Every structure is written in C-alpha cells, then in structure tokens.
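J.: Next come the chains, spelled out residue by residue.
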Amino acid sequence: MKKLFFTLLIALCAQAVIADSGDSYYFQRAEEAYSKKDYDLCLHYCQEGVKANPKDGKCWAVIAEIHSKRQSGRYGEALQAAEKALEVLPKKDLRWRSFVHAIQGDVFYKISDFAASKEAYLAALSMEPENTTYLYDVADVCAALGEYDEAIRYYNRYLEIQPSTVYIYGEMAYAYYKAGNKAEAQRYCDLANTLGSGENNTAHRVLSRMAVDKSDYVNACREVARAMFISKTWLQEADTLVELCPDLLAAAIRTEVAKAPTDVETNATAAYCTFTMHRYFDALYYLHRKAEQSDAPQEVYPEIAAVYEDIEALDEAEKYYTLAFKTDSAEHMLRGLAQVARERGEFQEAIKYLRRALQETPTEGKLYYLIARNLYEAGLFDETLQTLDTARVLIEDEEWLISLYTIRAEVFEARGEQEKMQQELAAAQKMRKADDKRAEFYPIDALLGDTAALERHAQELEQDRQAQQEGGWGTLAHAYAILKDKARTIALLRRHQEAHNYNIRVVQVLRRYAFLKDDPDFKALVAKYENLLSEHLAELNERLGSRDTLQNKIAELPFTRQGGVNHVKCSINGLPLYFVFDTGAADVSISSVEANFMLKNGYLTNADFMGKQNYVTATGEIHEGTIINLREVRVGDVVLRDIKASVIKNQSAPLLLGQSCFRRFGTVEVDNKAQIIRLIAK
Amino acid sequence: MKRTIIWFLLICLSAGAMAVNTKESYYMKRALEAAQSGDSETAIQFLSKELDENPTNGYAHMWVAILCTRNNSVGWAFQYARSAIKYLPKKEYEGRSDMNILLSEIYLDAKDTARAITYMEQAQKELPKAEHPYRVLVRLNTQRGDKAKALHYAEMALKNQPESIDAQLLLTDALEENGQYEEALKHCNQALDMAEPQSKDKSRVYAKRALLLIDMKQPSEALADLMRSTRIDIWDVSEDILEQLHDTIPGEVLDTVLAAHEKEPEQLFWKIYLYDLYRYRKEYTKAAQMGFAILPQHNGSHIVHHIASLLEYHIGDPELAERMLLKQLGVDSTSSSTYIRLEELYAETGRYREAFDMADKALSFNPKDAEKATAYQLRGRIHQIRHDYTKAIDDFLAGMIADPRDYEYWFRIGRLYGEMNDSVKQAQAFDQGRKAFAAAGKELTPEAYVAMGDSAKAYEAAQKMIEKEDSEEQHYNAACVYAQIGASKEALFHLRKAFENGFRNFYHVAWDMDLDSLRDMQEFKDMVNEFKQLTEQEKQALRATLDLELNY
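These protein sequence lines are chains C and Y, in that order.
With the working numbering, letter number 597 in the first sequence gets 597, and the count goes up by one each step, no holes.
One rule links them: number in the working numbering = place in the second sequence (from 1) + 682.
Among the hints, erroneous ones may be present.
[What the hints assert, rightly or not] With a Cα cut of at most 25 Å, we get these calculated DSS-like pairs of lysine-lysine:
(1) C:Lys-259 to Y:Lys-1073
(2) C:Lys-214 to Y:Lys-1117
(3) C:Lys-433 to C:Lys-486
(4) C:Lys-214 to Y:Lys-793
(5) Y:Lys-831 to Y:Lys-841
(6) C:Lys-600 to Y:Lys-1050
(7) Y:Lys-731 to C:Lys-214
(8) Y:Lys-841 to C:Lys-259
(9) Y:Lys-1009 to C:Lys-600
(10) Y:Lys-793 to C:Lys-178
Bear in mind the hints are in silico, worked out from the structure with no lab data behind them.
Source: prediction; values computed, not measured.
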C-alpha cells in the first residue's frame, strides 16, 4: 500500500513538474521514461541531468527515488542523492523537499532504522501537514517503534482528512491492540468491517489475535481465514493456530471456500493455505477445483504434479507432469519427471530427463548434482565423481554444496577410500558455523561417526516442530542409515511419517537403505504407509469424483440437424433445454429469456450470478454477457457440476453448448451417421 | 432490512428535495434519471462528471452517498455523506438531515452507539419535524439505559408533531419503559382517538394497548384489544400477545378465539391463532388439523416448516412431513432451510445418502450462519453413527466455524477424539469447550459432563436442567443424559415424561445413539410401543381428516 501511495505521489509530482516550463530537458525525458516504467532509462536521463547541471534538484530526487525502489536496494546511493537534492532544491519548494525527506524515510524504514525513518517522515510532514501519505508513514513508523499512542494520534489526523480510508481503521485497531486498549481495538475493527468488509484484512487479523488472547480458537480461526482469503495468502497469525488447532483452521478454510466454491482465486488460496499446513490431500482437492474452473487448466498441472510428487503418488505425479510438459517444456517439469523416475528406482530414466533439462539450462549446477546422485544410486561411481566436479564449480548455494560433499564422501566410503572420504568431510565441515543446526550436516556427522552429535540433533528436533514438518526426522533417519542402525532408522522413519511427511516409498530403492530391505519392521512401516496413501488417494478421488460423474464415462448425445447446426438436449439445474452444439464457443451460453425464466422458476438463484464478461461473436461483434454458474448440467447420463455460462443480452440468442462444458471431457466425437455426439472422459 | 428501508426513504426524500431545490445541470439530470430507473452505475458516472465540473455541488455528493449505500459501498457512502454535509446549502435541512441519518446508521452497524447518537441528534436538529431521528434516539437511549433521555426525545417528538400517532406511541413506549403505565395508557388512548376507524393505525394501536394492558395486569381487556386489532390486521407482536394471554387466561382466550372462528370461519388469522393455541395446549392433532386448514390460504416456508415439525415431533408422522417439505421445494427450490429440514428428517430416518444430498443443496444456497452450522452438524452426526470419526470431527468443526456459539460441540468432538484414542486432542477439545462456556458466563451442560466422563456432575446438571425448565424437550434431553451415565431408571422415567408431554418423534428415538443403553430393556420397548400405539390412532385419525394429496 505504501508503495502504491509512493507511486501515486511521484506521478503527481511528475505531473506538476511537466507543467512547469522551468524543468530541464533531461528531467522531462526522465519523466517520460518513468511514466513508461522504464526506470533504467529514467535513471540514465537523471544522471545525465545532474552531469549537465549538478544543481538540478529534481533529477537528484528522482535518482534517490529510483535507487530506493530497486529490489537490490542501493540504499547508500539513494541517501546520497537525497542529500544532494536537499542541498540544491530551493528552500521554498516544500513539495519537492518533502518528497525527498519521504524517500529518506522509506530508505531508513527498509534498513530498519526506524528512528531515522521517523525523523525524515516528520520532516516531510512538517512541510505538508495535510499530506495523508506522510501521515500514514509517520504513524506506521511509530507503530514499528512501538510508539502506539503516537501512531494512533497520526492515524486520527489522517482520518480527520480522509475518513473513509478503510484500511486506516484496521491500522488503528492494530495500534490500539498493541497499546493494550482492546475495547478501542474492537471498536475500530467493527468500524473497518462495516465500512468495507472484504477490502482490508487488518481488522480480521486483529480480531483473530484478540480471540487467541482469549483462547477463543473458533473465532480466531474464522477471522484469520477471512483475512487470508482477502489477502489471498498465508498470514503470520495462522502460524500460531496451525500449532494450536490445525483441524479447526482447516474447517475455517473450508467454510471460506464454501462462500465461493467456483472461484479460481478462492481455490488457489485454499490450496496454498492447506499446503502450508501440510494437508496435502486438501491442497490437491483445491488445486483440482482450481484447474476445473480455470480457463487455462494446464497452468495448474505443474502445481498438482508437484503435490502428488511430495506425497509420492507417483503415477498421478507423472500424469500431471506429462500433461504440463505437453504445453510447457520448462526445466522444472523435466526435473519433476526425473524425481518421479528416481522415486521409482528408475535411475537411468531420471538421468535422461535431467540431461534433457540440462540442454535447456546448461549452466545450472544443481542439475549436475541431481544427475550425480542418480549416478551414485545406479552404482556409476566414476561418473558420479566427474559430474560432481562440474557441479562443485557451478553451485553457490551452501546447503547444496554440503550435500554434494556428502555424496562424494559416500562414494569414497563405498570404495573403501577412507582418506579421500575424510577430505570430503573436512571440506563440508569448513562450511559449518558455530551451533549449526542445518539438517544437511546430519549425514556428515554420521559419516564422521559422531553419534553424540546425532543424539543432540534428535533432542533439538524434538523441540522444533517446523524442522520436523520440513522433514528433519527423515534426514536424521538417513544419517542413522549410514550407520546401519536398523532400530533407530526405522523409528525415525516412523516419526518422519507421523509428522505428515510422505517420503517413505523412495527409501526402498536407495542404496543407503538396502540393509533394511528384508527387515519385517521396515516392511510393516512401508506397508502401513502404502495403505495410508492409497486410502487418502481413494478418499480424494471420491471427493473429486463426487463433483462430476464423468470418470471413465462416455456421454452419448443424440442430435438433430436443423439449419446446418446440431441441436442436443441437456438439462440445466433440472430444466431440460435444447442447445446448439458449438465447439467454437468459449462457454455455455443462454439468452436472457431462458435466464429470466430459470430465475423466476427457481432454476437459478441470485447466488448463481457471478459478474460480466465481453464476448466476440463469429461476426466479430463484442457482446457483454452476464456470467452465471450452472450448478448442475446433465449431459446424457453424465452430471457436470459448476459450469461457467454466459447470459447474452439478446432475447433471440441461441443456446450454445461451448467449451466450458467440453473441457471437462477429453475427446469429442461427432458420429454423423448415427447422429450421435460422443463426449469421452479424460 | 432496517437499512434497506432507510435507504429507500432517503432516496424518496432526497429525490423530492432535489427536484424542488436544485438548479439541475445536464449531468445532474442524467444522473437523477439513471438513479430513478435503478441504474446506479450510470448515475454514478454522471455524478462523477458533475463533480469534476463542480466539486462543491453538495447535491451530487449526497446522491453519490445514497447510490453507494444502495450498492453496499459503505466506505464511499461514508465519505460522500460527510462531504455532502460540508457542501449542501445550510438551508437544505432535509438533505443534511438524511446524510446525518446515513452516517448514524453506519456507526450503528459498527456498534459505535455514541457516534450513532451524535449524528442522529444532528439529523434531528436539522429537521426537528422529522419523526425517524426521534424514534432512533428513543431506541438507542433506551438500549443504553438512559431512560430519562429516551423520554425527553419522545416528548420532543410529540411536541413537534402533536398530531402524529407515531409520536404518541413513541411516548407511550418511553413511558412504559419508565414504568409510568397510567401516563402511557393516556397517550395510547389519545393515539387510538387519532387513528381512523378500521385503519392499520387503529389495529396497531390496539395491539400496542393490549401489550400495555398485559403489563398492567388487565388480561381480559388486553384480549379484547387483541381481537379488535386482529379483526383489522395481524401484526408481528400478535402471536406474542396471544401466548402471554394464554399463560394467564387460557380458557377465556380459547373460548373467545373459537367463537370468533365460528362466526368468521374463513378468516385466516383465527385459524392461525387456533393453531397456536392448540399447540400451547399440547392438543397436537387439533393443531395439525388447523395447520392443514391454513395451508390453502397461506403456504409460506415458515408455516410449512412449522407444521412439518409438528407432524414429525408430536404426531410421529415423518412421511407426511417429508411430503410437505418436498412439495414446498416445488414452491421455492432455493430455500436452504427446507433442505436442512429434509436433511434432518432423512438423517433421523436412516436415509443417509439423501441426507448428504440435502446438506449439499442447503450449503449451496448460502444459508445463514446458524442454518449452515445445523447442516454441518447433522452431517457430522451421520458420520459419527457410521464411525467415520475424522469426517464427523471435520463437520462439527465446520459447524462451529459457521456459528461459534455452538460451543457444546467441543465436547462431542472431544468424545470422538476419545474414540480415536487421541487423548491429547481430546483434552484440548474439552479445554476449549470449558473455556468457551466460561467466557459466555454459562454453566456446563449435562451433555458436556457426560462427554468428559463425569457422571456425578452430569446427573446433578440434568436434575438442575429439569428444575429450570419442565418441558418435553428437556425431559428427553435428561433421558439421554441419564441413559449415557447408566442411570437407566431415571432415563426411562424422563423418557416417559417426554412422551407424556407430547414428544412423538419415534424415528429420532430409534436414531439417537444417546439412548443405546436402553434399547434392549423390555421396559423401554414396551414404553415406545405403548406410545406408538397411542399415536397410531391419532395419526390415522389425523390422516383420515386430511386431504393426502396436499392440495394447497
């Protein structure tokens, strides 16, 4: 939000400046570039401007602004330019001087020097006391400094000037909450929600925090779920709740989805949130729903594939990676397919995929590492070492390097070359910091034979739920597998599984776990996992199947040919209607006559109306159509649910059966001889 | 609804004001035309153009505020209402008053009573003759316990509009609230004198006086007023008055209404009164017969659900209830409450697949929070019966999210976690339930103690429950509690009490897992059979008198 104001401000300033005939040529060119969002060019002109005239304060100001906005944060240069601008800008030019002070405030804020930031914002505000952006900035930085009463004062001044800015009520609520005044916090939350519920999430976040303080987890989950669906992302407040009441939070997410079950963004948010909660099957359900409703379902397939891969549902993962690969040959799709092959123990196949990926990004060091670890599993040790040599040169990421040295050490261990193994371990150890808790070191400690360190890691993990969920127990199991400690390895794999991790299947094919192969406890663990997985997958498929009854189905639709077009009979929400079968139409569409009839007779409700969309007809004309959701479309004996359709504002518009219906099927066949259209499920 | 009425009033008032007082520009004319034809979007576009040309046109600000309210953009309405007050001419009292009312309503929705009162007071100052601000001010001051101020505003309202019936009734309310019954009666009588004969106002004032007379312990006079009021029109309060009078003079009320019904057998309101009176008297067969007499004249969802419940709970005839509800879906296929009623009926009769379908349907029609919770909870109970505890817990949790006041479900959830041997989650759920009850200032229910395995406290709490409310529902609940803690003697006693008091939902008895410990007992079987036989006669008698095609 702050950024938005900032952009608006610069746009306003720039507009004012253009009108000022005293602006330099360079500044005017810079302004043109800025309006086209070509910030590099804008910076270039400003730099030329200050070279030509070091007293061009506006150019200095824009240089400061652009440096302050850079993602890499060239904050030093921004501050220097701001200093220069303030040196040369006329004292009376309060608008530009305040603007520069605000840039200083922003930079200090970004580097967390809140005291300096506050001073700079106050300087800007003193020059333009009615500027609501500066009032917000000062209030915000006061809140960051924990000076909530002062923040409240500035927010109040803001509201005196712009009383309908809804999010400020939320900010006020937060400030009051932090200041310990819960009654006022509640009042401002109510006000924020009355003035614009659904526009701003802060009030819901504050309500959630207040509910947590009262141990009222029902309302806490309700409010945080609302906030997450407004901001369409996971929020910090949910971290606490996922620890305290994960099932309740999942229920709250589910009830939020029930408010707009056919909305793509809603399902995307639900998928993201449930994935963050490690509820993979819920995430998969929402991702499938997202794909169903999306105009470009293939864009969702990589996400679906990745989650299937996470839970080791390898057939499904492969299916969706392959579907995505047809439309997008990106490297990560190949990586995904390689991972599926590896988890099946098909290491050569995995290597093939990774080498294809390498053709797309030949300098990607991590791909060499991935190839090497498959070579290691395939027993090709020389090639493993050679490939790791290349990877070592290209990889910068420390965690990957530690894993790289681990494989090298394991190769040498397998060959009985103890000295070389020690060298590799020593290289890894160099990257170890004091009190280093990174899981990548667990196998290193095992290879060093440091069992005391492994015990310590186990104790640390016990206290760290997040590390457990990120697969900590699995990595520790890996370390004990190096030591060939059957009991510990199996016990840790069990803990790994209990922490909702699913990488159990893969251990059956890895060299390191070969010693467990015939162990009955290990077999029982794998069997339990397989059962659990297939049970959850069956449940998921049942949930997905209950949406549409088209799995493995062929819908046969008799058609009649009239006036050169095919007419078929379908029923919409129970009302039988004849449609023109039109593979060229994007959606199912009905005329306003049918829509009105359906509405009056209860086949449609107000809740089914979703918004408006423009349509281009075959003659090239644009028509505006109302978008509705058809809860049930019966095609032959197949029932499809939640199909998007448009209502054309034309009483004589034909009823079209278009792609939003066919998309759910894989193949469409027209049998002209039998006068039957066959819709065959994917 | 309250707000919709106010916006409608605002639009009418403002349109009048504008037509009289403004020299309209082209954009304003176009905006007004669009607004009056219901095209808010176009109206706002023209108003924006007007404001670009004339940013201090208070009328344009006012109209944007009104249209934004109509479109539910409350934030913008708030801003424009404030600017309208700033720019409207000082003498534009009506518009300024309306904008203050709008701001007051926004604050009222945000539960900020103090600011709501401030703006309403401002509205009243701008237009002292208008009645609405006084009514709101009386209500708000009464709500916050400032009876003197409420009385003051009621007196002011009457002073400003001495000929207004509403002002007389406002003062009647304020005086009644203040315990000044004789004074209140005086003003109520004045209102009655002012009302036209046979007018809705006359009926309304009679209903008001009936309530006042009940407070003044004059039930027979109150009954006479209720009958006078009803002959002209029937009001929301009428049923309350009837129930209160039935509690005091039951025989007299029934005789009076029967006589009226005999005299005017086609009048719907006497049938409605008789339906209610037979229910209060637990004469359910007669009530059902009267209900069926109502349906050809009035078949709204509310009455249909009511009669269906009566058939199910008191006549023991779920088949007939189902037919009524299915027929009702033909009238309104989008009624989530009808789907929920059917979900419950199917659940209790073991038709789980159909119950799930009904739950899905109900949830797809955006039900209210409490209904949504019921739909989830019923589904959860079916999962529980099928021992699918994970799904049951999911549904119970979703029910609680939909309506957080159902915190008793924490104990059900705790119990299910217990069934799943997850003692940690069980303890957490119980803890949540205890905290929720404590936060609401309520004592734990007997069911909660049962869930936590505290039989002694469950026993004690069930006793208290019955002492507090001696109804068939509470006897049934007590039977469930006692059955679960193994106190079968007490359970059977209270189950009999429930039956004796008119409970006849045998399908529910068969479905309810809480009664499982009694099922093999001969006494239980005999009791159920005894009442079933009794009911069978009632049921057949009832069916014989009904048109089973439900031709209403």
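J.: If a hint holds in the structure, say so; if it does not, say that too.
T.: Results for each hint:
This hinted pair checks out: Lys-259 of chain C and Lys-1073 of chain Y have alpha carbons roughly 20 Å apart, not beyond 25 Å. This hinted pair checks out: Lys-214 of chain C and Lys-1117 of chain Y have alpha carbons roughly 9 Å apart, not beyond 25 Å. Straight-line distance between C-alpha atoms of Lys-433 of chain C and Lys-486 of chain C comes to about 30 Å, which puts the hinted pair past the 25 Å bound. Under the criterion of a C-alpha separation no larger than 25 Å, the hint pairing Lys-214 of chain C with Lys-793 of chain Y is consistent with the structure, at around 21 Å.
For the proposed pair Lys-831 of chain Y and Lys-841 of chain Y, the alpha carbon gap of about 15 Å is at most 25 Å, so the pair holds. Restraint check for Lys-600 of chain C and Lys-1050 of chain Y: satisfied, since their Cα atoms lie roughly 22 Å apart, inside the 25 Å limit. For the given pair, Lys-731 of chain Y sits about 50 Å from Lys-214 of chain C by alpha-carbon distance, which is inconsistent with the 25 Å threshold. As the CA atoms of Lys-841 of chain Y and Lys-259 of chain C are separated by approximately 50 Å, the hinted pair breaks the 25 Å bound.
Distance restraint check for Lys-1009 of chain Y and Lys-600 of chain C: the Cα-Cα separation of roughly 17 Å lies within the 25 Å cut-off, and the hinted pair is therefore satisfied. Taken as a hint, the Lys-793 of chain Y and Lys-178 of chain C pair is honoured in the structure, with Cα atoms around 21 Å apart against an allowance of 25 Å.
When held up to the earlier numbered hints, the structure conflicts with 3, 7, 8 and fits the remainder.
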